[in-house]
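Line by line, the protein sequences are chains C, Y, B and Z.
When we follow my numbering, the leftmost residue of the first sequence carries the number 1, and every step to the right adds one.
When we follow my numbering, the leftmost residue of the second sequence carries the number 1, and every step to the right adds one.
When we follow my numbering, the leftmost residue of the third sequence carries the number 1, and every step to the right adds one.
When we follow my numbering, the leftmost residue of the fourth sequence carries the number 1, and every step to the right adds one.
Just so you know, these hints were derived from the structure itself, not from any lab.
Check before you lean on any hint, since a few could be wrong.
Copies of the same chain look alike in the list, so a pair counts if it fits in one copy or across any two.
[Stated by the list, open to error] Only pairs whose alpha carbons sit at most 20 Å apart, straight line, appear in this in silico PhoX-like list of lysine-lysine:
{"no.": "1", "residue 1": "K168", "residue 2": "K77"}
{"no.": "2", "residue 1": "K123", "residue 2": "K409"}
{"no.": "3", "residue 1": "K394", "residue 2": "K11"}
{"no.": "4", "residue 1": "K18", "residue 2": "K168"}
{"no.": "5", "residue 1": "K394", "residue 2": "K14"}
{"no.": "6", "residue 1": "K168", "residue 2": "K409"}
{"no.": "7", "residue 1": "K77", "residue 2": "K394"}
Please read these numbers as outputs of a predicted model, since none were measured by experiment.
4 protein chains.
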Amino acid sequence: MDALQSEIWIKGEKCSGKLTELAPFKGILKSKAALYDYQCQEENRELFRYSHPDGKGEYGFSYHQPLSLEDLINRRKATQEWARMSAGLMGRSPDYMNTLLMALGTAAPHFAKDRQEFGDNIKRLYERARDEDLSITHTFINPQVNRSMGHYLNSSTVTAAKVVEENKEGIVIQGARLLATQGGLTDELLVLPAGGPSFDDSYIFGFMIPANTKGLKFLCRESFCYSDCTFDHPLASQFEETDSIVVFEQVLVPWECVFVYKNLEAMSTVDEETGMYAFLQYQSVCRQIVKLEYILGLCEMIGDAIQIQEYEHVKLKMSEIINALEIMKALLLSSEVNSQPNRYGTVIPASTPLKAAIQYFPGVYPRLIEIIEMLGASGLISIPTQEDFQSEIKEDLERYLQGANIEAKERVRLFRVAWDLSMSAFGSRQTQFERFFFGDPVRLQAVHYNSYPMQPFVDQVQEFLNRIEEN
Amino acid sequence: MDALQSEIWIKGEKCSGKLTELAPFKGILKSKAALYDYQCQEENRELFRYSHPDGKGEYGFSYHQPLSLEDLINRRKATQEWARMSAGLMGRSPDYMNTLLMALGTAAPHFAKDRQEFGDNIKRLYERARDEDLSITHTFINPQVNRSMGHYLNSSTVTAAKVVEENKEGIVIQGARLLATQGGLTDELLVLPAGGPSFDDSYIFGFMIPANTKGLKFLCRESFCYSDCTFDHPLASQFEETDSIVVFEQVLVPWECVFVYKNLEAMSTVDEETGMYAFLQYQSVCRQIVKLEYILGLCEMIGDAIQIQEYEHVKLKMSEIINALEIMKALLLSSEVNSQPNRYGTVIPASTPLKAAIQYFPGVYPRLIEIIEMLGASGLISIPTQEDFQSEIKEDLERYLQGANIEAKERVRLFRVAWDLSMSAFGSRQTQFERFFFGDPVRLQAVHYNSYPMQPFVDQVQEFLNRIEEN
Amino acid sequence: MDALQSEIWIKGEKCSGKLTELAPFKGILKSKAALYDYQCQEENRELFRYSHPDGKGEYGFSYHQPLSLEDLINRRKATQEWARMSAGLMGRSPDYMNTLLMALGTAAPHFAKDRQEFGDNIKRLYERARDEDLSITHTFINPQVNRSMGHYLNSSTVTAAKVVEENKEGIVIQGARLLATQGGLTDELLVLPAGGPSFDDSYIFGFMIPANTKGLKFLCRESFCYSDCTFDHPLASQFEETDSIVVFEQVLVPWECVFVYKNLEAMSTVDEETGMYAFLQYQSVCRQIVKLEYILGLCEMIGDAIQIQEYEHVKLKMSEIINALEIMKALLLSSEVNSQPNRYGTVIPASTPLKAAIQYFPGVYPRLIEIIEMLGASGLISIPTQEDFQSEIKEDLERYLQGANIEAKERVRLFRVAWDLSMSAFGSRQTQFERFFFGDPVRLQAVHYNSYPMQPFVDQVQEFLNRIEEN
Amino acid sequence: MDALQSEIWIKGEKCSGKLTELAPFKGILKSKAALYDYQCQEENRELFRYSHPDGKGEYGFSYHQPLSLEDLINRRKATQEWARMSAGLMGRSPDYMNTLLMALGTAAPHFAKDRQEFGDNIKRLYERARDEDLSITHTFINPQVNRSMGHYLNSSTVTAAKVVEENKEGIVIQGARLLATQGGLTDELLVLPAGGPSFDDSYIFGFMIPANTKGLKFLCRESFCYSDCTFDHPLASQFEETDSIVVFEQVLVPWECVFVYKNLEAMSTVDEETGMYAFLQYQSVCRQIVKLEYILGLCEMIGDAIQIQEYEHVKLKMSEIINALEIMKALLLSSEVNSQPNRYGTVIPASTPLKAAIQYFPGVYPRLIEIIEMLGASGLISIPTQEDFQSEIKEDLERYLQGANIEAKERVRLFRVAWDLSMSAFGSRQTQFERFFFGDPVRLQAVHYNSYPMQPFVDQVQEFLNRIEEN
């Protein structure tokens, strides 16, 4: 991954040199490398790798097209095993975007309906990524300049990336997109429409280009990896992904990288045809379940360390975590049991339970984080550093920060993980990330209601009313 | 069912004459009869009836011992189809207790471990009930005299039913139990221990006796069926089950009706051996899902009647109902997919997701009822009666109570159902019933936490901590 | 009050004969009579009555124009003392509307601005009501036909009461209004605009007419007073007020009863000029505080009766009630301490804390009712009737329903009050009534935000930002 | 303040040199200095300073003994004006502890009851602190080793600070206390019992000693002031107070610094005699109100910057903030209006509304922080640094991060403040700090219930029941 040469800006400077040696990036790049290493270990082959039917090679699980329920379940197992490497904290582990690309690539005929070459392009892009095990980022929201309902009517202030020119080499994009997580740290950038004004087709395009394409800039927010000490900042030092604004400065996207272009019909049916949202949701729900498992174990260890498990309110809080875990697991299972192949043979996890899961999780996750804070209490404030434990005051800390059945340093290590999950800048950003993972929760819920099939339930009540009337 | 001759007291009077003609009981007895009629219809045979392997006859689904996942799924379908007859409002439809008896009866060897005849008894009791399609009530809580923790140490005020004598005919029970729903309206009464002091074996017994056994009295609360007009009180008039205190006045329980007696070991392992709680929870969750379906349909119809669906907060509330439904369905599915046969071959639905369901539901149900109230608003107050619609003021009502796409009388009918589900004495008792269905929610959650296997989660976090340390 | 001769319809019949002898009305009319009796007792004179400055007589406190903070505090004391007669359950005790009339009548010059006689009319209406100690109802919402935003643009389905004719005797009203509580049980009916389309001045009018005016019909909902036994239904039997639809069938409102007419300006400034909403809110908050006091005492007695006060979750729930009470009391106090005289010398309680109170209460009240249900648990289901306690089963009840320090009958009496406050049809209607007392809570909160002066807070933050920048 | 020479440890090093130049401390010390400067400005004299009755000098407001309601109100105004300097973020601004010392010092006769010199000591300590305008920290919780109920019975693992020796110079303290905010950054350290085992009088003592007393060590947690750039970390860079463990290593406390010693009676009546908790709560509530004002203004500015105020759910969230502010203000007002002088003439704010406030706030504050996060959404993630705005990418940022009516840099400045209040490590610690400000909320609420006078409410209900019975 040292070859990455995207234009990345952070703290006012353009990055040069090896990213794997730069403070804000080395932790996450090391953690990503560990994923790939783990995938390649011989003993994990069955779980993580699959052979192409035509025997052309062996590929990572996330590029695999599931053709049966069993395939889907294997995908879940591999996804969760990868997620365990980061306790579910890596929101953009490579399988997330790979899965999206698989969903698009295996539905190539859909894109070919508009122009044959678009179908060829997405197929080729998918196969190349699969063959080379590329990693990908994407960017899905427009600048937040103005959220009012009527805003898009007034295009003069619209700054969202759009097509400004079309020539024989390709299309030219100008403008920005927000919040590419791991922006600049992946091989490729995949771009799909981000909503916006449907009447203006300059905003309708889908393409994938190398992250180091000319004119592409990734402007990172401040890094929340304030220390690379894994004792002090155990999570941020390993899993801080950074988020970035993607600026398209007259970026030429070659035609062979394009698979949707100014075709509202092609775009608006893309989910229906590819099951892409179901796959993205499936990957996330797999990962979020792993996160819940870690939260549950962590809270149990906190409770044990300071012996608070006998309190009624602690039991109730633990029970809340358990129920959240069981609910998410059940919804995931339901998406598998009710999965269906689409016309391209891809087995798509059922959408309805996944939609419930992605609405349930953004509500319950912040509550569980709050539970960590409530259980940890002052223990989340009394957090000395590794250097303290290596200094003269070591003995004091060992005496006064010991837990019930745990030595002081182990106790502080544990509480530091809890703190970094809930209260550090890294942890809070995780909460915000989960809260808005699939977009504004208020809008998501409204859409969910609008699309839910209500008639059978209405009919059932109507029949019931009719039966009463006859009485 | 006219033959029922239990001693039932209501409003200070002992019931005499046909129960099916007495105001407080005729609605529910008619609704129960409708269940049996529906079960017996030829076209429902496959769904509702099964043949005994030895070909001795055909029985109701609820007595069926599930021997495969398919059996379990069939059971769910039948349970829910029955539940639809009452929109899930009959908390003690006969299948609830039948299922319990099936779980006990098919595990007869467990009871035989203590005394061989106890095993024979439960088998015989089960088979007779199955053959005759009997209905059963039970009673599961001790009088609420004093809930303080130390209370049971002071037995002078304990008034709970207990064994006071043992002779060659059987055991003699004296005392009371609370809250037998449909008490006196079933053929049999099944009694199991209600918790209480484990050191005193006078409280440990399990038996089933006819509801009209000498000395057995059912003291009903006030009936909430204030009118038998199905327009005015559409739900109470049909589904008000009544609850009763069961008084045992020197009740002789013949030995052949006893299957547990003063054996703490037999009792404390009964759930583990029979899966009885899993089956009870499974039946309830099936029914509660049906209830949620009706709530969803009802709210959609209310929203349509007064055209409030475009409001954001209405969409959010509808979305809450949808998610509750999806969550409950997924947990039920998970209990099926993870079901396991026990040593007697009975396929037991998995307990863990069911426990999550029975903790989730008592919290979410009152909230959904509140949503009905919030959506219905003043429409739940403006509820004239059928007589009003048959009087001179009919025209006024038709004009002023019309809905957007619905005539006034239909609109009032709809809102009356909503009112009877949420705000009538019948509806509030439903809410209380669901809230406490499996006992005090606070205690339930504490027990859930205590019994949940935490070690794997702790181990997982510990490994994660170890990995960090090695970094 | 026997002279009341309004046209009241209930259960399909027009009432005839003495209302005080009719089942649905006799309880509330007796309770209202008790208020007047209490007011007239010599020892309560100072609290409840005041002399007119010109010595013309003595009047009830609710008609008194407060001219000082002391007057306001006296008003609060009297209001709350009256409210204690019904534990705060009488939402339309006479002082509610009297207070409104006082606010209007003492601001007569405002109404005179449009037409001199309108000023004279409101003054005369107020003085007559005061002199004769009349009681009044009002009706404040339009039929719920269609709540969608665009509805009022399509007037063909609008059924709200409006002016259809104007002649030299007065104005003629046709249409309906919803939810006149105690409709038909008061001397007078006061009508003000109910929102609606501001562009159509047929909906703009303010008048007060006798409740038995020709063409005026009160169509009552079903009465929730299902029994007049004060043991069985202790609250409904006394305080069920009924709600009614008011139908105006070509009602001629004489000019001398009109004080606002087709003048949007006069109407839209009426609150600003009279402080009417502040007074209505003040009266309600006074009453709601009394209700909270009773809930607190009741829950303490329940806790004591079954000895559950030692449980942590019970303490937390009790603490919630205490805090709600303290918060409401503090907001009321703040409205007094910050009260200001208006241009007519009337001391108006401060609006801002009252607005917070009327938003806080509809949220917290249903929660406190839920707490009653959670604490009462099965005790709210095991509720035999007075007749049971007078029958043969008396002894059983006395044994099995006794509480820790309380006899069975007293315990059932207590739990019956709790049930009638929370779970009976009467109790649920109380909850709905409080939830929507001042209108749709969602709209109320939006309006509250829109009208709150934000600039000082923005300025304060801006200054803070500026200070940081200078650093 | 440069003279501070306490033994402070941070990141494994003992601090040396000027604290005002050390990164973790310079921000907060500058902010504290600004408070003193502001207090000393001539134009603020009336608000912030008072003359001693005997004309001996002029003192800071926080040492003033309020002798009238007016004095109390002046105290509130000064407290809030100081709090505005830090938007309420300085939890231990000097007035907090000064107020405590005032409460103790003005009740000197109480301490003299045990030993005359204890009364003299507290009086002298108070007067000296007042005369020299000293600043003070305290430390109020014992090490969190083991929170289980039975723990204190097993003293071998107790590590809390206690008296281990007594000699003619004074008492010797050994052990630790947790969470001295600003530990080491104040002139003095005041210590009072932290709960714990009442049967062991080694834990009962009250004293105040210089922070640089021999044997006293302050072990700081990691500083959350990760940058001193006021654009990037606008709040942490100014107001990060640090928290520390206080270690007493054979600390000799001279007798003249002691005012309570091994006298349980003196200790357990200290609040009743001095009103110390009421004063501490009063100061906090004053400050918390200021914090709410800033949150309200900040959210309004966020809403304006991205034009989301028209959304219903945004209005509801804004309304929640408004109501929280109004409720807190009303409770504070109530504590003033109901204040009472104690036997030493000190006017004590009423305790009951303050107790409601300190229970309400820890619940509502985290919710309001969540509202900031929900409104800010992705804007709280897209936060480049000041260096970015000074680099080549400045123009990109200016274009793509502009708000509706606000330039990009101002918008980022605003969102950075919001981020630092809610999501930075500093902000999360603020939330935790407010949540546990007066101790474990669960315990606080239980105590609140236990101490609330319930009898009047029970009596009122009993009278009501009696009245019903008579009917």
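Hints versus structure:
no., hint, result
1, K168 / K77, "neither (45 Å within a copy, 61 Å between copies)"
2, K123 / K409, "neither (53 Å within a copy, 43 Å between copies)"
3, K394 / K11, "between (36 Å within a copy, 11 Å between copies)"
4, K18 / K168, "neither (35 Å within a copy, 67 Å between copies)"
5, K394 / K14, "between (41 Å within a copy, 13 Å between copies)"
6, K168 / K409, "neither (64 Å within a copy, 39 Å between copies)"
7, K77 / K394, "neither (43 Å within a copy, 45 Å between copies)"
In summary, the numbered hints that this structure violates are 1, 2, 4, 6, 7.
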